[in-house]
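Undergrad: Next come the chains, spelled out residue by residue.
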Amino acid sequence: MMKMRQALLKTIGTAAAILTIGGVWATQVRAQATKRTKVVFWNEMTGPAQQKLNEFVKEFNQSQTKYQVVSQFEGNYNEAVQKILNTHGTDASPAVFQSMDISTSQIYHSGYTTPVQKFVDQDHYDIDKISPVARAFYSEKGKLLSMPFNTSQPVLYYNATLLKKYHITPPPTDPSYSDITRVATQLYQRSHQKVKGLSVEIYGWLFEQFMANSGESMANQADGHNGTPTKVNFDTPGAIKAMKWVQENLKSGALMNFGSGSSASANEMAAFLSGKLGIFLQSSADISQLTAGTKDKLGITYYPHPDGQKANGVAIGGASIWISNDKPATVQRGSWEFIKFLMKPENQAQWQAATGYLALNKDSQQEKVLQELYQKVPAAKVPSEQLSKTKPDETNSGVFLQGLIQERTLTQTAMDQIYNGSNIKNSLQQAEDAMNTYIKSNNQANGVK
Amino acid sequence: MSIELQKIAKSYADNLVLQDISVQIQTGEFFAIVGPSGCGKSTLLRMIAGLIPISAGILKIDNQVVNQLPPQQRKLTMVFQNYALFPFLNVHDNVGFGLKARKLAPVKVEKRVKEALELVNLSEFAARKPRELSGGQRQRVALARAIASDAKICLMDEPLSNLDAQLRGKMRSEIRELQQRLGLTLIYVTHDQIEAMTMADRIMVLNDQQIQQVGTPTEIYQRPQNAFVAGFFGTPRINLLPVQHAVAKQLVVDESLTVNLNQPLPAGKYYLGIRPNDLRADFASEKTNAALRNLEYLGTQSVIHAELDNGQLVRVTVDGKLTAGINQRLLVTAEQNFIVFNEQQQAVLFAERGKQIGTTSNQQLQEA
Amino acid sequence: MEQQVTNNSKKLKQLPQNLSSLKTVSYDVNARDKLHAIWFLGPSLLVLAVFVFYPMLRTLYLSLFLTNNLGKPTVFVGLQNYWSLLTSSSYLASLQATFVYVIAVSILTLIFGLLLAQAASFKVKGSNFFRTVFSGTMGVSVSVAAIFWLFMFNPSIGLLDQIASVLHLPVINWLTQPGWAMTAIVISTVWMNLGFTFLIFFGALQTVPVNLYEAAQIEGVSKSYQFFHITLPMISPTVFFVSIITLIESFKSFGLIDLMTAGGPNNATNLLVYRIYQDAFLNGNYGLASTESVILAIIIAIFTFLQFKILEKRVTYQ
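Protein chains in written order, with the working numbering: chain A, 1 to 449; chain B, 1 to 368; chain C, 1 to 318.
Keep in mind that the hints were calculated from the coordinates and are not lab data. None of the values given here were measured: they were computed from a predicted structure. Cβ coordinates follow ideal geometry from the N, Cα and C atoms, glycine included. Hints are supplied without guarantee of correctness; some may be wrong.
Unchecked claim - Using 30 Å as the maximum straight-line C-alpha spacing, the simulated DSSO-like pairs for lysine-lysine come out as follows: (1) B/Lys129 with C/Lys313; (2) B/Lys249 with B/Lys111; (3) B/Lys100 with C/Lys123; (4) C/Lys313 with B/Lys75; (5) B/Lys111 with C/Lys223; (6) B/Lys114 with B/Lys75; (7) A/Lys231 with C/Lys123; (8) C/Lys72 with B/Lys75; (9) A/Lys143 with C/Lys72; (10) B/Lys114 with C/Lys223; (11) A/Lys425 with A/Lys129; (12) A/Lys66 with A/Lys344; (13) B/Lys129 with C/Lys72; (14) A/Lys83 with A/Lys38; (15) A/Lys83 with A/Lys52.
Unchecked claim - So the derived label-pair ranges between C-beta atoms look like this: (16) A/Glu394 with C/Phe281: 28 to 36 Å; (17) C/Phe53 with A/Lys425: 48 to 56 Å; (18) C/Gly126 with A/His167: 51 to 59 Å; (19) C/Val171 with A/Lys425: 24 to 32 Å.
Hey, can you work out the whole structure from these sequences and the hints?
TA: The following block contains the structure:
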């Protein structure tokens, strides 16, 4: 009995000691942290990108003593948008956050952010160093709203080893639709239909880029960069040409339809990596996954363009970083310092090497880490070249429109129908009508005349 | 429809449940199978029914071997302990269930159901669901179903054990009456010796995986082949008193409690079986050999639990109510009705009012 | 759980009688009793009010508005949301797809669940193993199931199409052809449901007294007659319970669709709940999504009511 009581007392004593020490330690840590301004950063990165991003946060915190950036993962892009809008003005809201490309107009119109242009002007920051196509996407009437961050462009991937095996001449770096049709058909036929030639995922982003690369606006008001769009146009000549190209390859059997959604891109990737698919159009950010996943030699070209006309260039995709306006000036300043840190040439170079997203700082190309990458995988240079080659205009700077998710759903439904053999013009017209109805009621709800 | 069991055995894997069961059951006989729970009596019934396979031996119904026949071809019917009524059907449909399933003409079904319900006095309950009936009524529905099937052999598995004592008494006579009236060959499994004694033409006593005895109720009660059978039948239980036998023509439990033998038994260890009503208790006697330990009053009689001075416990029944205190001294003596069992607990001698009969286990004794 | 539901329904059935008897007997409810009642019922009423009634009313309210990109109702439009949905061919297609899906899933789940449970009930060697296997999908999460079936249905490396090509059968693009996509989703959902359904049915089958089958066997009743006339009526409360649960659950199906087809191809698998999710959480169109929720709630209520009306007549509670 006595022994038991002693043992009990000892345990309690030890526990108390641990608690006290822990408490003291925790207070000290907190004391240190409170000296700095806390900047909460919301992001939606996963995998290697998340890892790299957290490294940046750590490095930034070590590089200075004024700010403490706290990185928080917020799930997928769509969920994050809702959370950002719903927490604004509360203690839970972020000071600086990452939000996806197609939410740009929505976030901007919420009025919850401070355009980064303000800080660019204050600091006389050399914004010309940052890719103009990427900037154009996140600008309204020439004013930069958010800083483009993880950025990609759609490119065309092909399995160079497979082409060599079947003695097929690879496509040129800036291919036309018929260039690709040739390679795809040859691959399909020479492999005795064992290898599918081409895949164009049912993905609204790709549809938008077919129009951009043809030099066509999707929405009026210069794709929304001059004002709130009231109408969209889907059945443009460029869109029809692209869809005809798809149907042509479907008919010959060279094109494989993987459908839409996350499973579609996963299946497409799996088919390509296992050598059952020769060519596909997808984000340049896939490059690291592709080089890691197969021993076959990877080939990359620019996004294909219609025959008989020059490529106009494609818009970017990905996400940008915004500064909330519900936080005090010091916090906003901290957010901006963090953004500047992320955009440093060496960091952008590391970012591209680690993730496949494109380095947006022009000076990054001279960084050693990128030079080494290009040496190892020469094709990796192609997306960067496409990006720097693209001259931003009204049609390839993204669509500045609220409800782009709806637009993608509708264009994907149209693509679905077209891939299953329906009339191109009818399907596109139907989607266009639905979208225009949506825009009308959405503008009404948001008080736009 | 006679039934014949020849050396029937049942085993599960290496576990022997029944062995060497042989008996012939006559047409129209009420045959009870009795034994303590777990003795294999239900197993035996299920083998006869065809619900479980027979491990060894031959089963004949109407002189035809039926070991391999499925239940429905054995032309029998069965009543279960929990009645096995379909809760979702009313009384009428429960009785007609099997007939309908066998695609009997609806008119015939109607007729048979009607007759069966009349026989068990349930006609007015035809539209009720089982849950709206009392236990006895449910039992009668099960009987009606057996009757309606028109089979001449009926197997019953403890059909009355879910009823209260009073109802049980009533149903006993009803079942017996029905059996006689319909001329059924009835095999009736029970653990209740009173049911067996009051209803059956013959009883089979099962224990330790085998037959202990087959006989009429009188034979079973008066001529139990062994101590188990003697102990199983009769309440209160028969007294089994171990005796070290040396004196030639007397078995001595103690000085006062002795029985006389007409013929001498060889010396050795015996068990003296005396039913409680064949012992006498005398509280007035000066000479005593026991002390009262407990007293049970049953109305017409009382049961005395007494401890002999040599430590053995005995049960004695006396008529009427007794006023005696615990630990009161008394003298316990024996009438000359008794059974002697040998060391293996086999009966060797039956004594009745001076008449003494030896058994096959005791070749030396002749009728006196 | 099944037992509980049975009991509750039994109570429900008895309720009308109790109520009428309440009328004749007047209880003397004094103020203290009332206070007690409030103390006991208050907290749960509060919880219901906050988490059930308020969201319900709010949804109803929102369904009459256009909402702006912050989710705030801005323009009152009356029943216009309802009207535009019920006249939209794509919504009607969703509605039809949902009915097809729900009915197919419910019926197939019931049939296969019962079949498996019955098969596993036979006492043969190895039946324990199958019992474990059959109930296996209970422990499988939606995402794992989706990955598994995505692999099965994969057009280039999928198992089903590899088998098909070995057998020289035409290769099916399971998830990209509208008709097949629905089939694929139905198959996956039924597969997911089977573990639970099997377990519930298997449990129910064990409660049927063996004597009933023995009695039938002795009377020469065939196995199939036994199944339809003994087994089914005996487990009818369970069948009823499972059919209601499966129906409601399949109306609410989301995970597999999100992960496998995302409503495609060509909206062939864009079921009502998925549509609500898209409109509310992707398009930020809370008004329209609320309208869709209200319509879905009405549909489920009607179905459940019909099921009670039609099926309950055939259910025997013991």
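Undergrad: If a hint holds in the structure, say so; if it doesn't, say that too.
TA: Hints versus structure:
no., hint, verdict
1, B/Lys129 with C/Lys313, "15 Å, holds"
2, B/Lys249 with B/Lys111, "68 Å, violated"
3, B/Lys100 with C/Lys123, "28 Å, holds"
4, C/Lys313 with B/Lys75, "37 Å, violated"
5, B/Lys111 with C/Lys223, "26 Å, holds"
6, B/Lys114 with B/Lys75, "21 Å, holds"
7, A/Lys231 with C/Lys123, "69 Å, violated"
8, C/Lys72 with B/Lys75, "79 Å, violated"
9, A/Lys143 with C/Lys72, "28 Å, holds"
10, B/Lys114 with C/Lys223, "27 Å, holds"
11, A/Lys425 with A/Lys129, "42 Å, violated"
12, A/Lys66 with A/Lys344, "19 Å, holds"
13, B/Lys129 with C/Lys72, "59 Å, violated"
14, A/Lys83 with A/Lys38, "20 Å, holds"
15, A/Lys83 with A/Lys52, "24 Å, holds"
16, A/Glu394 with C/Phe281: 28 to 36 Å, "31 Å, holds"
17, C/Phe53 with A/Lys425: 48 to 56 Å, "50 Å, holds"
18, C/Gly126 with A/His167: 51 to 59 Å, "55 Å, holds"
19, C/Val171 with A/Lys425: 24 to 32 Å, "30 Å, holds"
When each numbered hint is compared with the structure, violations occur for hints 2, 4, 7, 8, 11, 13.
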